[in-house]
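Sequence lines, in order, name chains Z and F. Going by our numbering, 338 is the number at position 338 of the first sequence; the sequence numbering is gapless. Going by our numbering, 236 is the number at position 236 of the second sequence; the sequence numbering is gapless.
Hints listed in this document are in silico derivations from the structure and should not be mistaken for laboratory results. Some hints could be false.
Derived lysine to any residue pairs resembling SDA-like cross-links, with alpha carbons at most 20 Å apart [claimed, not checked]:
{"#": "1", "chain 1": "Z", "residue 1": "Lys242", "chain 2": "F", "residue 2": "Arg283"}
{"#": "2", "chain 1": "F", "residue 1": "Lys298", "chain 2": "Z", "residue 2": "Pro60"}
{"#": "3", "chain 1": "Z", "residue 1": "Lys242", "chain 2": "F", "residue 2": "Lys242"}
{"#": "4", "chain 1": "F", "residue 1": "Lys242", "chain 2": "Z", "residue 2": "Lys12"}
{"#": "5", "chain 1": "F", "residue 1": "Lys242", "chain 2": "Z", "residue 2": "Arg73"}
{"#": "6", "chain 1": "Z", "residue 1": "Lys12", "chain 2": "Z", "residue 2": "Arg73"}
{"#": "7", "chain 1": "Z", "residue 1": "Lys242", "chain 2": "F", "residue 2": "Leu63"}
{"#": "8", "chain 1": "Z", "residue 1": "Lys79", "chain 2": "F", "residue 2": "Ile5"}
{"#": "9", "chain 1": "F", "residue 1": "Lys242", "chain 2": "Z", "residue 2": "Val144"}
{"#": "10", "chain 1": "Z", "residue 1": "Lys242", "chain 2": "F", "residue 2": "Val144"}
Example chain Z residues on the side facing chain F (calculated, C-beta under 10 Å, incomplete) [said to hold, decoys possible]:
{"#": "11", "residue": "Leu233"}
{"#": "12", "residue": "Arg243"}
{"#": "13", "residue": "Leu248"}
{"#": "14", "residue": "Leu270"}
{"#": "15", "residue": "Ile277"}
{"#": "16", "residue": "Ala294"}
Just so we're clear, the structure is a prediction, and the values are computed from it rather than from any experiment. For glycine and all other residues, C-beta sits at the position ideal for the given N, C-alpha and C.
Protein chains: 2
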Amino acid sequence: MATGINRRWMLKQRPQRLPGPECYEWREEPVPRAGENEVVIRNLYMSLDPAIRGWMDDRPSYLPPIPLGGVMRATTIGKVLESRCAGFERGDIVQGLNGWEDYSVSQGRGFTARVPVHPGLPLTDFLSVLGTTGLSAYFGLLEVARPRAGETVLVTGAAGAVGSIVGQLARRAGCRAVGVAGSDEKCAWLERECGYDATINYRTRANDLVAAIRAACPDGVDIQFENVGGGILEAGLECLNKRGRVLLCGLISQYNAGGDVRGIRNLWQLIAKTARIEGFLVRDWLDRWAEAAAELAKLVAAGELHHREHIERGLEHAPETFLRLFDGNHQGKLIVDIAGNEA
Amino acid sequence: MATGINRRWMLKQRPQRLPGPECYEWREEPVPRAGENEVVIRNLYMSLDPAIRGWMDDRPSYLPPIPLGGVMRATTIGKVLESRCAGFERGDIVQGLNGWEDYSVSQGRGFTARVPVHPGLPLTDFLSVLGTTGLSAYFGLLEVARPRAGETVLVTGAAGAVGSIVGQLARRAGCRAVGVAGSDEKCAWLERECGYDATINYRTRANDLVAAIRAACPDGVDIQFENVGGGILEAGLECLNKRGRVLLCGLISQYNAGGDVRGIRNLWQLIAKTARIEGFLVRDWLDRWAEAAAELAKLVAAGELHHREHIERGLEHAPETFLRLFDGNHQGKLIVDIAGNEA
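Next comes chain Z alone, as it looks inside the complex:
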């Protein structure tokens, strides 16, 4: 598709709410060359994650904002086209934090790493169940929230790329897994494929969410794996048990709220239950990613860990595809196929 040119999506203006087409600029530039200690990567697939929306805002966070006029940021999987960097050779398959573009230049440090070979697993798995979303489920649940057998784990955004894995890992840890998702189809998939013990459609139960959670969690909630925030987080806090843990992985309901972020009004529940809310970033566990991915890969290869990917073809459609994250109109990990048959 793109041979002599590098197609790129640049950040043109910062979104107030949902990032519309006015936020992006399409550019076609020459394919870059590698400088000293650099590699040029032909991006094959790119991961669209809620975190990207945060990087579009102009506020300090765990990563600097995407600069205005700079290329949009995403995790990609690609093939090394040219290397002037020790440890990387032409043809290597690598993943890293790169751009919404055909070709990225990287120093080969930090977030660029060779993708380990797992025969039989498709490359895209390394952007989903074996990528940051699968690893968020793994470290967030197992290392931070630390479930004990017999506990109840409530997962919000349960049909998302993180949530669908969390429930399965919770079940493997001997817990009751209860998922909150946005459609009956998603709920059915969670129960049928992912083994969730119970699910709640937050759209049809919006008016009695606390009652729905109480009914699905008769022994209360020990761990809330939170991907959504807002009213769903508040409802969960009401149902927490003594010493409950809320693992705060994401707040997707808030990212496009502009100034109208829904505040959490019942933090008193944390006192009444001596419970806690703990923020989580998978980046903090970088030194153990390979180990965890290998463990998850075994489960995937054995057919014991289910996930689904929603792959949209075409870098040119990336801005519209990105919006699917926020209206729930996708099933599984959202990925853009940049290179098509070239891969």
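Given the coordinates of chain Z, assemble chain F onto it according to the supplied hints.
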């Protein structure tokens, strides 16, 4: 004062916001007699704490609500008048969760315990620096938030009965202690008497609280000991360091807000900093109260731990006195002297 009668404040109706006189009913009843396994306590002093406001609401919490028509609940110190309970004798000085009344009947279990003898320390110390407020500071800071030397501890409600002790314990742990309080007089007292390194008057700095905290905490905030909630909590979250800990001890700004509780809108900060908010109840540490009180008593006796008490005379004024907690019109631990010279 009260000899043959038991003067009592009963809960007549639940408050919507600030508890006005319409919430209480004054009764005069005969002095109760001890049933089997009971003691009758002549209450001498009673502690007025923000927690009481929560018990007036009709919602489940760590203690059941005060029933409508039931006596108002408070921690008291009193003298055993009659005992039919093993382990207690007439004349024993005891503390426990009793009522806004001259005489309380107790089973002598749980929250009724003999007050240890510390010659030279006034009885009221056992409702303040050696009572639940001092112990909240002790366990919340030292056992839950766990300060390390060199860290910065931001204390909200710093001039309160809990906060004033927290800063001093933080300093003893080698930390920088920064207090947020509601008047210049309180700030001056915190710096002069309690050794706070810096203070912020949240009333005069309401419009630039984040800037004020940043200026007072040049290395950021590692521990936020939260007694207030609302905008002060939000401002502190902006200033948290990586892996910061918010010890949630109280939310006094919210207790009288009725339906207008100010929601916390920046929980994203917990993710960006992989920080946590942890709820705290001193009740959870009951089995170590005596040990901690003994340690604090040594510091008090040595003049190394400062506190102040605001003692108002007269059970009959308790409803008005209670309101001082919420308008800041008190200096130090708020205590009602029930028995006057009788003590």
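Results for each hint:
1. This hinted pair checks out: Lys242 of chain Z and Arg283 of chain F have alpha carbons roughly 13 Å apart, not beyond 20 Å.
2. For the given pair, Lys298 of chain F sits about 46 Å from Pro60 of chain Z by alpha-carbon distance, which is inconsistent with the 20 Å threshold.
3. Taking the CA atoms of Lys242 of chain Z and Lys242 of chain F, the gap is about 26 Å. The hint is violated against a cut of 20 Å.
4. Our distance criterion of 20 Å between C-alpha atoms is broken by Lys242 of chain F and Lys12 of chain Z, whose separation comes to about 31 Å.
5. With a C-alpha separation of about 23 Å, the suggested pair Lys242 of chain F and Arg73 of chain Z falls outside the 20 Å cut-off, and the hint is violated.
6. In summary, the hint linking Lys12 of chain Z to Arg73 of chain Z is supported, as the alpha carbons are separated by about 13 Å, within the 20 Å threshold.
7. For the hint linking Lys242 of chain Z to Leu63 of chain F, the alpha-carbon distance of about 13 Å falls within 20 Å, and the restraint holds.
8. A hinted pair counts as satisfied when its Cα atoms are at most 20 Å apart, and Lys79 of chain Z with Ile5 of chain F does not qualify at roughly 89 Å.
9. With a CA separation close to 16 Å, the supplied pair Lys242 of chain F and Val144 of chain Z stays within the 20 Å bound.
10. The suggested pairing of Lys242 of chain Z with Val144 of chain F holds, with an alpha-carbon distance near 15 Å, which does not exceed 20 Å.
11. The interface hint given for Leu233 of chain Z is met, as the beta carbon of that residue sits about 8 Å from the closest beta carbon of chain F, less than 10 Å.
12. Taking 10 Å as the C-beta contact cut-off toward chain F, the hint placing Arg243 of chain Z at the interface holds, the least distance being around 9 Å.
13. Of the supplied interface hints, the one on Leu248 of chain Z holds, with its beta-carbon coming within about 5 Å of a beta-carbon of chain F, less than 10 Å.
14. At a threshold of 10 Å, the smallest CB-CB gap from Leu270 of chain Z to chain F is about 3 Å, leaving the interface hint in force.
15. For Ile277 of chain Z, the suggested interface contact is upheld, since its CB lies about 5 Å from the closest CB of chain F, less than 10 Å.
16. This hint is violated: Ala294 of chain Z has a C-beta 24 Å from the nearest C-beta of chain F, more than the 10 Å allowed.
Checked against the numbered hints given earlier, the structure breaks hints 2, 3, 4, 5, 8 and 16 and satisfies all the rest.
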